[in-house]
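**Student:** Taken in sequence, the protein lines are chains G and C.
If you want this note's numbering, it's the position in the first sequence, counting the first as 1, plus 24.
If you want this note's numbering, it's the position in the second sequence, counting the first as 1, plus 17.
To be clear, the hints were calculated from the coordinates, so they are not data collected in a lab.
Accuracy of the hints is not assured; some may be wrong.
Think about it this way: if two alpha-carbon atoms lie no more than 25 angstroms apart in a straight line, the pair counts; the simulated PhoX-like pairs of lysine-lysine are [stated by the list, open to error]: (1) C:Lys84 <-> G:Lys48; (2) G:Lys110 <-> C:Lys19; (3) C:Lys20 <-> G:Lys186; (4) C:Lys145 <-> C:Lys20.
So the derived list for chain G, only partly shown, Cβ under 7 angstroms to chain C, looks like this [stated by the list, open to error]: (5) Gly62; (6) Leu165; (7) Ile220; (8) Met222; (9) Ile224.
Cβ atoms here follow ideal geometry from the backbone N, Cα and C, with glycine treated the same way.
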Amino acid sequence: MSFELFSNLVGAFFTLCIFSFLYKDNPFYQAAEQMLVGISLGYGLVYTYERVFVPYVYQTIVIKHEFVLIIPAVLGILYLFRFSRKLGWLSRYPIAFSMMAVGMGVPMGIHASILVQMRQAMVPIETFNLFLIFLGTIAVLLYFFFSKAHTGAYGKFVNVGKWYMMIGFGASFGLTVMARISLLIGRIQFLVNDVIGMIIK
Amino acid sequence: MKKTIPLLIVIIGGLIWVAWAFSPHYVLQEVFYNQFYLPWVYAMSSFAMLLGVLSLTMMHSAKIKRKAPKWQFSWFFFASFIATCLAGFIGGTQKGGLFMWMFENVQMPMSATMFSLLAFYMASAAYKAFRARSPEATVLLIAAIVVMLAQVPLGVKISKHLPTISQWILDVPNLASKRGIMLGVGLGSVATSLKILLGIERSYLGGGD
């Protein structure tokens, strides 16, 4: 048996372990699920150590002697006090430092999610499609405006927003299903070509 | 000390960030952002990963200790976690090593299969929605079917207009609904950010005194 076939057989075994959940929850799936979590965590830890800790903490403090970075390193260690009942409050310091960035979120959020979207929505209505987009945007926005009861003519107009959203969710649903199906095709191709194909050959 | 100083860090730091977004001044762009914030955040973030490791380790060891339902499978978590760490720390992360072999032949096939499983469950959810027989669910499914069929050769064989209709759905009603939702989400996130910045929203500090 070649090393490539052995590697593919290992991959096939774990693929089938996960697929076995389609029949029902079983020990093979449970074991594979826990292994997926364990390997992903180990992978994240090793890469964080290699790509973040070594260049930004170890090398900067020990090799470049930038001792001021001991302060954020100690702040980072304070994260671990989250599990302590008595000293849990210490973990608020690194969290607060991370939360500072919400200050950036205010102007950036206004720009990216509100102003840019409004600018794109406020174009001259030259075609029927542009009219439909404008109508839909207003209707969807009003659908989430709960200060006025959705009744009468206003309620009927607001209801148009619901239909727009249903079409939008349907489109997203269709695209997501297609993405998942392409993954499924990939796994089946792996089992057929790379495993069964290699065994037969 | 326990709540006031973290709150002040958020408020003062947050206001500096607001100034950073508006002003191209050297002190804000270079001294604050490049020389202070980025190196500090990088130095802190590696320890946040340890928090995740510790949290999962504590959860699984407690499960084994209490002999909670399906506790035996927690050993698989520990075994695979330790094996990956040993392979990475001792053997290195270069291609051709055990670490990358485990990623390519164990982690990657399992995560791809896990995501592909969703295709079956989404199909079953679509069937349930269809059985609901509400006009909204029908519209949702019709839009989904048109978009899906337009992406495969079969769709073009059914009708050569299907890709055009699908593109229209994506460009017009889908765009309008996503824009409306995006505006709502934007307004909500800005309001929440302002509440945090002004010290009204403090749930991120956790409970206790």
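**Student:** Each hint should be assessed against the structure and marked as holding or not.
**Tutor:** How the hints compare with the structure:
1. Taking the CA atoms of Lys84 of chain C and Lys48 of chain G, the gap is about 23 angstroms. The hint holds against a cut of 25 angstroms.
2. Pair hint Lys110 of chain G plus Lys19 of chain C holds up; C-alpha atoms about 11 angstroms apart against a cutoff of 25 angstroms.
3. Under the criterion of a C-alpha separation no larger than 25 angstroms, the hint pairing Lys20 of chain C with Lys186 of chain G is inconsistent with the structure, at around 43 angstroms.
4. Restraint check: the Cα-Cα separation between Lys145 of chain C and Lys20 of chain C comes to about 48 angstroms, which exceeds 25 angstroms; the hinted pair is violated.
5. Given hint, Gly62 of chain G at the interface with chain C, holds; its Cβ is 3 angstroms from that chain's nearest Cβ, closer than 7 angstroms.
6. The criterion of a C-beta within 7 angstroms of any C-beta in chain C is met by Leu165 of chain G, whose closest approach is roughly 5 angstroms, and the hint holds.
7. For Ile220 of chain G, the interface hint is violated, since its Cβ never comes within 7 angstroms of a Cβ in chain C; the closest pair sits about 15 angstroms apart.
8. Because the smallest distance between the Cβ of Met222 of chain G and any Cβ of chain C comes to about 14 angstroms, over 7 angstroms, the interface hint for this residue is violated.
9. The interface hint given for Ile224 of chain G is violated, since its Cβ lies 20 angstroms from the closest Cβ of chain C, which is over the 7 angstroms cut-off.
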